[in-house]
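Chains as they are written, first to last, in numbering that gives the first Met the number 0: chain H, 0 to 340; chain V, 0 to 340; chain P, 0 to 340; chain B, 0 to 340.
Honestly, I wouldn't trust all of these hints.
Calculated cross-link-like contacts (lysine to any residue; reagent style SDA-like; alpha-carbon spacing at most 25 angstroms) [as the list claims (entries may be wrong)]: (1) Lys290(V) <-> Arg126(B); (2) Lys191(P) <-> Thr217(P); (3) Lys249(H) <-> Glu21(V).
Between beta-carbon pairs, the in silico distance windows are [as the list claims (entries may be wrong)]: (4) Asp164(H) <-> Tyr23(P): 32 to 38 angstroms; (5) Ala118(B) <-> Ser16(P): 53 to 59 angstroms; (6) Asp164(V) <-> Asp251(H): 58 to 64 angstroms.
Which chain H residues face chain P? A few, computed with CB under 10 angstroms, are given here [to be verified]: (7) Phe94; (8) Pro107; (9) Ala108.
If you're looking for bench data, these hints aren't it; they were derived computationally from the structure.
Backbone N, C-alpha and C define an ideal beta-carbon position, used for all residues, glycine too.
Protein chains: 4
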Amino acid sequence: MNFASDNVSPLCPEILSALEHEAYGNAPAYGADETSRQLDAAFSELFDREVAVVPVATGTAANCISLSALVSPFGGIVCHHEAHINEDESTGVAFFTGGAKLMPVDGPAAKLEADNLDAFLASRVDRGVHSVAPECVAITQATELGTVYTADELAAIGAICKKRDLRFFMDGARFANAVAHLGCHPADITWKAGVDAISFGATKNGAQAVDAIVLFDTSLRGRVEQARKRSGHLYSKHRYLASQLLAYVKDDLWLRNARHANGAARTLCDMLVSHGATLAHAAEGNELFVKLAPELAQRMRDAGALFYPWPSLGADIYRFVTAWNTDIAQISELNDRITRN
Amino acid sequence: MNFASDNVSPLCPEILSALEHEAYGNAPAYGADETSRQLDAAFSELFDREVAVVPVATGTAANCISLSALVSPFGGIVCHHEAHINEDESTGVAFFTGGAKLMPVDGPAAKLEADNLDAFLASRVDRGVHSVAPECVAITQATELGTVYTADELAAIGAICKKRDLRFFMDGARFANAVAHLGCHPADITWKAGVDAISFGATKNGAQAVDAIVLFDTSLRGRVEQARKRSGHLYSKHRYLASQLLAYVKDDLWLRNARHANGAARTLCDMLVSHGATLAHAAEGNELFVKLAPELAQRMRDAGALFYPWPSLGADIYRFVTAWNTDIAQISELNDRITRN
Amino acid sequence: MNFASDNVSPLCPEILSALEHEAYGNAPAYGADETSRQLDAAFSELFDREVAVVPVATGTAANCISLSALVSPFGGIVCHHEAHINEDESTGVAFFTGGAKLMPVDGPAAKLEADNLDAFLASRVDRGVHSVAPECVAITQATELGTVYTADELAAIGAICKKRDLRFFMDGARFANAVAHLGCHPADITWKAGVDAISFGATKNGAQAVDAIVLFDTSLRGRVEQARKRSGHLYSKHRYLASQLLAYVKDDLWLRNARHANGAARTLCDMLVSHGATLAHAAEGNELFVKLAPELAQRMRDAGALFYPWPSLGADIYRFVTAWNTDIAQISELNDRITRN
Amino acid sequence: MNFASDNVSPLCPEILSALEHEAYGNAPAYGADETSRQLDAAFSELFDREVAVVPVATGTAANCISLSALVSPFGGIVCHHEAHINEDESTGVAFFTGGAKLMPVDGPAAKLEADNLDAFLASRVDRGVHSVAPECVAITQATELGTVYTADELAAIGAICKKRDLRFFMDGARFANAVAHLGCHPADITWKAGVDAISFGATKNGAQAVDAIVLFDTSLRGRVEQARKRSGHLYSKHRYLASQLLAYVKDDLWLRNARHANGAARTLCDMLVSHGATLAHAAEGNELFVKLAPELAQRMRDAGALFYPWPSLGADIYRFVTAWNTDIAQISELNDRITRN
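Pulled out of the complex, with its shape left as it was, chain H reads as follows (with noise of 0.2 angstroms):
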């Protein structure tokens, strides 16, 4: 019963057998094989518009050599006080960039808002070289604590972003949550909001490691392939990263897993507040972020469930995540457990 990370899950089934289906031949290395050269017309099937992907194997260097091919060594890159670029992957935005610097901002559940958004931009322009120019805004879709931007949302940030002329990057480690949970078209909260690039997450989605870097605006292939090379991302047998990700978008295979991670967390979550939980703000992804009594906390954990505290959110608010593999009867299971004890 784990509910600590998505992080946790394996590779599933699907992927798996993708894998299998490269172990056996010869072929050509650094992408120029069969399996590899399907991915631009997946994808642009997926988004239905022309896209360029370059896949990484982690969603930090999907993250970062996205940033570092949007924005100059002098600028900066607007994001949530909780996006994981500016909580959880060191200094490597500054890295890959050659210095760039986040300016996180503030926003209810992890979210900008457009108005603050815009109302932080004006007050960052015509500052001259002494001060950092925001050049990109990057939001995390769903985000770090599990909400979901509408395509409404997207598109009032993107439109800031082309008025004030500012590349607009998702972080998507969690996209497929999202798509799930707005029943959407992939594009309506993507290009058509006006993003350019997105890091489209897999691997806790069921992936083994893989996220791809998918560009809206093309032209930026030849930066980005770069920056992959020169970072030790660019895989020999990339075949591997390649069928990884067609198996993933085959027949709606990352829908599917995301609709079961997204179910599973309702699920819990409906077992959680029956005992008395109460939501720290809505959960609309494959994570919660609930307060448990220290009671009911207590008994959660005697009764086998692996699940974090969150101290930045408030006292006695915990974080529990679902993934592909959750089992709904271990939900039940789990509730019977707390329920007897």
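Fit chains V, P and B to the given chain H structure using the hints.
Here is chains V, P and B on its own, set in the frame of chain H:
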């Protein structure tokens, strides 16, 4: 009949098995899992002394992250002109080290010679802050041209490093091929020769994608782990790196694979020589550099063999690379075809 | 009547004299000259302990080079939001340190408070490689808002740094103004409080262009000198930096200049208050932040005074800066003009 | 009798005067003053076309900041082995460019030859992301070995840059000596030959500390100014850089100083040759590289002359450097002394 590179080979069955073994249950992320926690012990046994192991997915990452812990941003890394870090890793070394400079020197068949090295180092002493002072010597074992340093040659280089207070790094992308060739203990050509750290390659020799940074100076671990994280090379599902490595060193798989590749290279070499080819220099691992008459080269191509010209070694010089999965029968078949033609 | 900045002032006569003194003969380059070789002794006497002095031409260079020797590329530098290194040095800190992150915190009138600082640091402990760990606390003395840390306040911060094994850096662009205000010995508010290094400002207080990196931890000298060279801050005609600094500390010129500027600020402050202005916070150095009624602000401008609005402190707040050459008679004249108007 | 370097000379009277002229009044900071605002016009007149001028205090800063605007972090800068950027600027180029690599080539007397350069460039074409692609050619005029490129030689290199879509940069630390030698218009050997940017040296030739980045491609100004700021090279009292430069180009001071230094070098050369010295190669600027019999070298030293051996050019080779203030009478005196001895 693909002799273009060892990167064209797939992962080997034992490593696929290991990945399959990690396909079903949950496990802690970021290296806290049981599989990952076996790495240090497994490699300490292999090297017959305590080591620290930090796995990453690519050789460029393993080399550059290692070097970033061995030199300052102001330092020089002395290597052979042909070194992978000098010729094939873009500006990765400067990126990871914060500016350190590669100082290429010459030597026969991609090997540094102790005397020349010492003379070069002597010429760079006491130049003050204007000049870049060497801080590390980096060699490749087996070299990029398929030659292998003997234990004595390495000990001589190690002694120079010690005398001059320099770090000693080994790019071991084909370390297995070198050990297989020398028939020595891995310790003899690493820490016993004064090597501080090695990138212990597995990808070219049967893995999907993993090279291990093996630190003989275990005090480097903290800094290497920080550099790995911020460059996006820390896998969340870390067990998929660890399981490859454990399978790779279990029951001498790494040596068996390398012996096969080296043997295939010898067989191919003998066959080519029987057709009039001449070796550009000794072929000691799984790479051959041979001179082929244009007519013979054409017959080889016509017979379906894939291989690259290597113009930096001269006209009519070609490289052939074998791998763990090279089919010896195919070499016979190739011989038949070019004989018939 | 230029109160826009202390950077608008020219060099002072004593420093011009010193430059003229170096105008006629040859002398060794890069700091090997007699003038440069007096620096360590002069500053060791001034600080009453052995120090190492590395002069550079700008405050940004002094700050960033110092920090590059105090933190790793993975570390955090805790500072006030208003800190010059955070607000006015572009992405310099990340550039020089190879990626280290500024971690701004709040506090009244641009000063860090020991308790809040300690609480912030406590919240960043033991977060592992994902998170940036603070490695240094950087404060500005006098602060960017014209306030001055007392010796006790600094000792409290120094004790926290020691407890938590952090470096302690002081941006002393207006250090002279702080010492002049406190009437203390320079040692009391630097190394005796645990400061490892200070950028000892001279440019704003009468020099042409020189700030000294003064290292209380003299073991940092080598790294600082390497960083200075490779960033282009090592003067070939080094004596022109050294001669400015020697003149600056000779016969307490630095304190005399600062006392004049501080006194001018008090005179200006009294005058403004007599016209109904109110202080935004205590004015302890050569900077005033005052609230002016719009009508008074306009009368000041009409009278020929130059000064900036400071909207980050609120509506109708303005900054006035005095310098070593501020003419007290002009303040009287200004008073006459705005009284008449 | 100091022939060790032109850096040992003091500032010249005209430049001291200019600094004195800026010693009394206030003026806007950071380049908004009247003196600084004259720079573009003064240099546009000097070069007979519109240029953008960004002054910094050192040659290393001028070179590295310029290059940072001309190449990407993934690119190569082709230069001569002897180039100051390769031999004497620590790891500055990699630091400022974010990793770009110096690609040294050979050529007689520190000069690149067009044919060899083109052949080298041809060998680096189409190598993909693994390899560093040249993005800029950087030459030094006059060279580090005291030779001077002719206008035709530069035009040939410029044509190669244009053909291959590379930037063309000139390190002009001793540009004045080159122009004085050639007797040409400054335009002939810069933008008319395809040069994009030059570091226009003044420090070695009479200034206190200033070299101007002169951009013939004025679109680079914004990026250069950002790089200058964040590297700490933007003077607050900017007029002290500008006033030096204006005095330097006024009434051909720069050429008069250089003609004097070149003339002194010729006089010294003739004197040395008369004593049996031989030139290592042509002496075209203010630097001589001569072979001296050990006995003559000793007599020179005994007579009080300061000069350096230059072992990279061979045994018994010495460098002599003259400057704007070299006293011709001292050369006679030196001759007398070594003749008498």
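Status of the hints after comparison with the structure:
With a CA separation close to 23 angstroms, the supplied pair Lys290(V) and Arg126(B) stays within the 25 angstroms bound. For the hint pairing Lys191(P) with Thr217(P), the CA-to-CA distance comes to about 15 angstroms; that is within 25 angstroms, so the pair holds. Proposed proximity of Lys249(H) and Glu21(V) is supported: the alpha carbons are some 23 angstroms apart, at most 25 angstroms. Our hint of 32 to 38 angstroms for Asp164(H) and Tyr23(P) is violated, since their Cβ atoms are close to 54 angstroms apart.
Between Ala118(B) and Ser16(P), the C-beta spacing of about 57 angstroms keeps the proposed range 53 to 59 angstroms intact. Checking the proposed 58 to 64 angstroms range against Asp164(V) and Asp251(H) shows it holds: the Cβ atoms sit about 60 angstroms from each other. Interface restraint check: Phe94(H) against chain P, minimum CB-CB distance 5 angstroms, threshold 10 angstroms, status holds. Below 10 angstroms, beta-carbon pairs count as interface contacts, and Pro107(H) has none with chain P, the closest being about 21 angstroms; its hint is therefore violated.
Interface restraint check: Ala108(H) against chain P, minimum CB-CB distance 20 angstroms, threshold 10 angstroms, status violated.
Hint check: violations occur at hints 4, 8 and 9; the rest are consistent with the structure.
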